[in-house]
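Undergrad: Listed below are the residues making up each chain.
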Amino acid sequence: MLTYKFVRKYLHIKMALQSRRDVFQAIADPTRREIINLIAFNPLNLNSIAENFDVSRPAISQHIKILTECGLIVIKKQGRERYCEASLQQLGEVSNWIEQYRKLWQEKFNALDDLLEEYKAKQKKK
Amino acid sequence: MASNNQTEIIAEPGKQELFIKREFEAPRELVFRAFTDAEMLVKWLGPCNMKMRIDKHEARAGGSYRYVHIDPAGNEYGFHGVSHEMLVPERLIRTFEFEGLPETGHVVLETARFEVLPNDRTRVTIQSVFQSVADRDGMVQSGMEYGVRESHQMLDEFLAKQLVN
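From first to last, the protein sequence lines stand for chains A and B.
Here numbering that gives the first Met the number 0 is used: position 73 in the first sequence is 72, and no number is missing along the way.
Here numbering that gives the first Met the number 0 is used: position 114 in the second sequence is 113, and no number is missing along the way.
To be clear, the hints were calculated from the coordinates, so they are not data collected in a lab.
There may be inaccurate statements among the hints.
Taking lysine-lysine and the DSS-like style, the derived pairs with C-alpha atoms no more than 27 Å apart in a straight line are [stated by the list, open to error]: (1) B:Lys42 - A:Lys107; (2) A:Lys102 - B:Lys50; (3) B:Lys55 - A:Lys107; (4) B:Lys20 - A:Lys76; (5) B:Lys55 - B:Lys42; (6) B:Lys55 - B:Lys14; (7) B:Lys50 - A:Lys119; (8) B:Lys14 - A:Lys121; (9) A:Lys107 - A:Lys121; (10) A:Lys107 - B:Lys20; (11) B:Lys50 - A:Lys121; (12) B:Lys42 - A:Lys123; (13) B:Lys42 - A:Lys102; (14) A:Lys107 - B:Lys14; (15) A:Lys121 - B:Lys42; (16) A:Lys75 - A:Lys64; (17) A:Lys64 - A:Lys76; (18) A:Lys124 - B:Lys14; (19) B:Lys14 - A:Lys119; (20) B:Lys42 - A:Lys125; (21) A:Lys123 - A:Lys107; (22) A:Lys102 - A:Lys76; (23) A:Lys102 - B:Lys20; (24) B:Lys42 - B:Lys14; (25) A:Lys124 - B:Lys55; (26) A:Lys107 - A:Lys119; (27) B:Lys14 - A:Lys64.
Computed from a predicted structure; not experimentally measured.
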């Protein structure tokens with residue numbers, strides 16, 4: 000039921016996904032999603048982030064390391080403190096394909112709505 | 000007139016499946032028919048700027064199908080599969096493979112469930128299970144008309160949906 004328009008891009012996208020897959024993996028974990036949510040609009044240092052969770056500080060540190068490696072968090076030094084800042088551009092890319100896919104199906108289903116109305120009207124006439 | 004019913008896509012990060020959900024203002028038997036009757040299918044399943052042709056359509060368990068979408072330039076995009084189950088009017092299970100990929104063997108297992116809702120309405124849930132996460136993300140992306148646009152609104156929606164829990 001899926002339809003494919005830009006087939007030739009497939010290989011190219013497959014390559015691009017090598018890096019993007021990491022992003023998917025990064026946000027597959029609920030704690031990491033919470034961390035991103037926490038710092039989405041407000042950079043925090045490691046201690047402040049860890050205070051919000053029951054898991055150990057090293058565990059949080061490990062999550063932040065993964066998020067940093069995937070490019071979802073950027074660490075910025077301010078004096079002695081190191082602040083974690085969310086870099087959400089990649090998440091936009093993740094959400095983009097879902098939203099576009101949703102629109103594609105919404106268009107088809109709108110056409111189906113019309114068709115169903117047509118058949119309902121026909122049935123009433125009989 | 001199209002209804003105001005919204006289409007919902009559930010594609011959790013890192014999983015090799017996705018769900019498409021939609022409600023319709025029609026009884027289940029009719030909605031089921033729209034998914035299985037060639038005459039009806041051809042009128043809605045193609046993307047709106049494409050024509051659709053049905054080469055083969057055996058609407059029964061074990062039967063196979065082949066559909067072709069044709070873009071305005073005349074390019075053809077074929078896909079085919081085999082019906083595994085056709086339980087009228089509640090469930091359809093079938094395989095799906097797009098023929099335009101660089102290699103064969105990337106097959107999707109699709110299950111469509113049709114639920115009765117009050118007031119002669121119907122909820123359809125389509126589950127697509129891909130062979131890998133990369134297949135899901137890559138195939139869906141390759142199948143969409145997508146402009147390169149990034150808006151804050153979309154990001155907001157995404158954050159609200161995926162992260163705020």
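Undergrad: Run every hint past the structure and note whether it holds.
TA: Taking the hints in turn, this is what the structure says about them:
At roughly 9 Å between alpha-carbon atoms, Lys42 of chain B and Lys107 of chain A fall within 27 Å of each other, so this suggested pair holds. For the suggested pair Lys102 of chain A and Lys50 of chain B, the alpha carbons sit about 18 Å apart, so the restraint of at most 27 Å is met. Only pairs whose Cα atoms come within 27 Å are accepted, and Lys55 of chain B paired with Lys107 of chain A is accepted, the gap being roughly 21 Å. Among the hinted pairs, Lys20 of chain B with Lys76 of chain A is inconsistent with the structure: their alpha-carbon atoms are about 45 Å apart, more than 27 Å.
For the given pair, Lys55 of chain B sits about 16 Å from Lys42 of chain B by alpha-carbon distance, which is consistent with the 27 Å threshold. Proposed proximity of Lys55 of chain B and Lys14 of chain B is contradicted: the alpha carbons are some 32 Å apart, above 27 Å. The hinted pair formed by Lys50 of chain B and Lys119 of chain A meets the criterion: a straight-line CA distance of about 24 Å does not exceed 27 Å. Between Lys14 of chain B and Lys121 of chain A the CA atoms are separated by roughly 43 Å; this puts the pair beyond 27 Å, and the hint is violated.
For the given pair, Lys107 of chain A sits about 21 Å from Lys121 of chain A by alpha-carbon distance, which is consistent with the 27 Å threshold. Of the supplied pair hints, the one linking Lys107 of chain A and Lys20 of chain B holds, its CA atoms being roughly 13 Å apart against a limit of 27 Å. Only pairs whose Cα atoms come within 27 Å are accepted, and Lys50 of chain B paired with Lys121 of chain A is accepted, the gap being roughly 25 Å. At most 27 Å may separate the alpha-carbon atoms for a hinted pair to count; Lys42 of chain B and Lys123 of chain A meet this at roughly 21 Å.
Taken as a hint, the Lys42 of chain B and Lys102 of chain A pair is honoured in the structure, with Cα atoms around 18 Å apart against an allowance of 27 Å. Restraint check for Lys107 of chain A and Lys14 of chain B: satisfied, since their Cα atoms lie roughly 25 Å apart, inside the 27 Å limit. A hinted pair counts as satisfied when its Cα atoms are at most 27 Å apart, and Lys121 of chain A with Lys42 of chain B qualifies at roughly 16 Å. Between Lys75 of chain A and Lys64 of chain A, the direct Cα distance comes to roughly 13 Å. Compliance with the 27 Å bound is thereby established for this hinted pair.
Among the hinted pairs, Lys64 of chain A with Lys76 of chain A is consistent with the structure: their alpha-carbon atoms are about 15 Å apart, no more than 27 Å. Between the alpha carbons of Lys124 of chain A and Lys14 of chain B the distance comes to roughly 47 Å, so the proposed pair goes past 27 Å and is violated. Taken as a hint, the Lys14 of chain B and Lys119 of chain A pair is broken in the structure, with Cα atoms around 38 Å apart against an allowance of 27 Å. Straight-line distance between C-alpha atoms of Lys42 of chain B and Lys125 of chain A comes to about 22 Å, which keeps the hinted pair within the 27 Å bound.
With a CA separation close to 25 Å, the supplied pair Lys123 of chain A and Lys107 of chain A stays within the 27 Å bound. Distance restraint check for Lys102 of chain A and Lys76 of chain A: the Cα-Cα separation of roughly 41 Å exceeds the 27 Å cut-off, and the hinted pair is therefore not satisfied. For the given pair, Lys102 of chain A sits about 13 Å from Lys20 of chain B by alpha-carbon distance, which is consistent with the 27 Å threshold. The straight-line distance between the Cα atoms of Lys42 of chain B and Lys14 of chain B is roughly 32 Å, outside the 27 Å bound, and the hint therefore fails.
Restraint check for Lys124 of chain A and Lys55 of chain B: the C-alpha separation of about 32 Å exceeds 27 Å, so the hint is violated. At most 27 Å may separate the alpha-carbon atoms for a hinted pair to count; Lys107 of chain A and Lys119 of chain A meet this at roughly 18 Å. Simply put, Lys14 of chain B and Lys64 of chain A have alpha-carbon atoms about 22 Å apart, close enough for the 27 Å limit, and the pair holds.
Violated hints, in rising order: 4, 6, 8, 18, 19, 22, 24 and 25; the structure is consistent with all others.
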